[in-house]
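Peer 1: Let chain E serve as the given structure and place chain G on it in line with the hints.
Chains as they are written, first to last, in this note's numbering: chain E, 1 to 221; chain G, 1 to 204.
Take the hints with a grain of salt, since some may be wrong.
Unchecked claim - Once the Cα atoms are required to be at most 25 Å apart in a straight line, the calculated SDA-like pairs of lysine to any residue come out as:
{"id": "1", "chain 1": "G", "residue 1": "111", "chain 2": "E", "residue 2": "6"}
{"id": "2", "chain 1": "G", "residue 1": "111", "chain 2": "G", "residue 2": "170"}
{"id": "3", "chain 1": "G", "residue 1": "111", "chain 2": "E", "residue 2": "3"}
Quick caveat, the hints were computed from the structure, so don't treat them as lab data.
So you can see what is in the structure, the chains are spelled out below.
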Amino acid sequence: MNAFGLLLRREIALAWGRGGGPLLALGFYAAAVVMLPLALGPEPARLAAVSTGAAWVLLALSSLLSLERLFERDFEDGALDLLSLGPLPLEAVAAAKSLAQWLIAGAPLALAAPVAAIALGARPALAGLILVTAALGGLAFAFLGGTGAALALAGRRGGLLVAVIVLPLLTPPVIFGGAALDRLALGLPWLGPLALLAGYAAAAAALCPFAMAGACRNALG
Amino acid sequence: MIRHLQIQGLAARRGERTLFSGFNLGLATGEAAALTGANGVGKTTLLRIVAGLVQPDAGLVTFTSSEGALDAAEARAGACHLLGHQDGLKGARLAEEELEFQVRWTGGTAKSARAAAERLGLTRLLRLPVRVLSAGQRRRLALARLLASPRQLWLLDEPLSPLDAASRSLFGEVMAEHLAGGGLILAAVHDPLPVTAREARLGA
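Extracted from the complex, chain E is given alone in its bound form (with noise of 0.2 Å):
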């Protein structure tokens, strides 16, 4: 086995049991989801108008739970050195390590958002583009919140930068994605803003294991 599916193993297991793995957002995720209708009253046609849009914006919320730790517990056991001195530069082992965190828990969250939505009263219809918009949207928030804990490691009070810096970068996907849902409820072409939604995800996949990286190396130096 090459060097990246080891540690991709080693993270899966790692995020499995970090902070409850995934049953700690897809708990979080419930308890939201359930909580929606007492907060809004109990009219079918009321939360049928916002589900999809509520169980898609719960979802962003959801992912960002255990991303905060993401780096942090590598980096106070020294084993991020130990990751730096492997074969593979630390963007690989940043990107391996978001990926184990979007196949624990976005993928889970993916697999829940349409029941989320159609419990809410969202149409059946829906539900096909909205596991997709959600795995890939899980697939964005993935590396953009990995890529605020690892800054969050080098300054104190690391929890509130990685929500003052992440939470803007959620908002295009969390657009793009909403828009995808709406088009498609009222009947409208919906390839626009999907494609838009993939290709930032591709962007985040593609970019962020440098920013994570280097705010790493800065944090160890």
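Peer 2: For chain G alone, kept in the frame of chain E given last:
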């Protein structure tokens, strides 16, 4: 193959405070150097500079092979072990999982990891989570990686401190073999190393 490690005019600072400056050291294959000095004088920082994790304030670290200068990043990623207080072992995982990952990540195999564990008397402990190991057992687990993945330059930060007498002399044998096989060792220590080593003193 690293033939020679040369440290020239190295200076480092932490914040406003200069830790050390003008530090020189040459190390050839088969040689060990014991880096000594009071607490806080910058021994760990020096090792991290040699490993490329910290940028020095001034000075150069160069690696040469028989064919000439080596690319420093390549030499570090392929031929350098750094073992410090923080061993990177995850408490929740099994000792064998952690050892196997560390060994394979640094260029060894699952088989060599097993052999190293046996040599250091860890076989019985491999099925335990890292968090239940004692400090000395944990250090032996970290040291097993040096034995299992063939890398020439060992940068060790207080490698012996939590070890008992038997483990110390065992690790002394391991270090002597590593040097005999063409290795280089730079170790920050307070007690003398169990192998013949030049002393390099840091600070006044």
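Peer 1: All the hints need checking, so say for each whether the structure fits it.
Peer 2: Going through the hints against the structure:
no. : hint          : verdict
1   : G:111 x E:6   : holds, 16 Å
2   : G:111 x G:170 : holds, 21 Å
3   : G:111 x E:3   : holds, 17 Å
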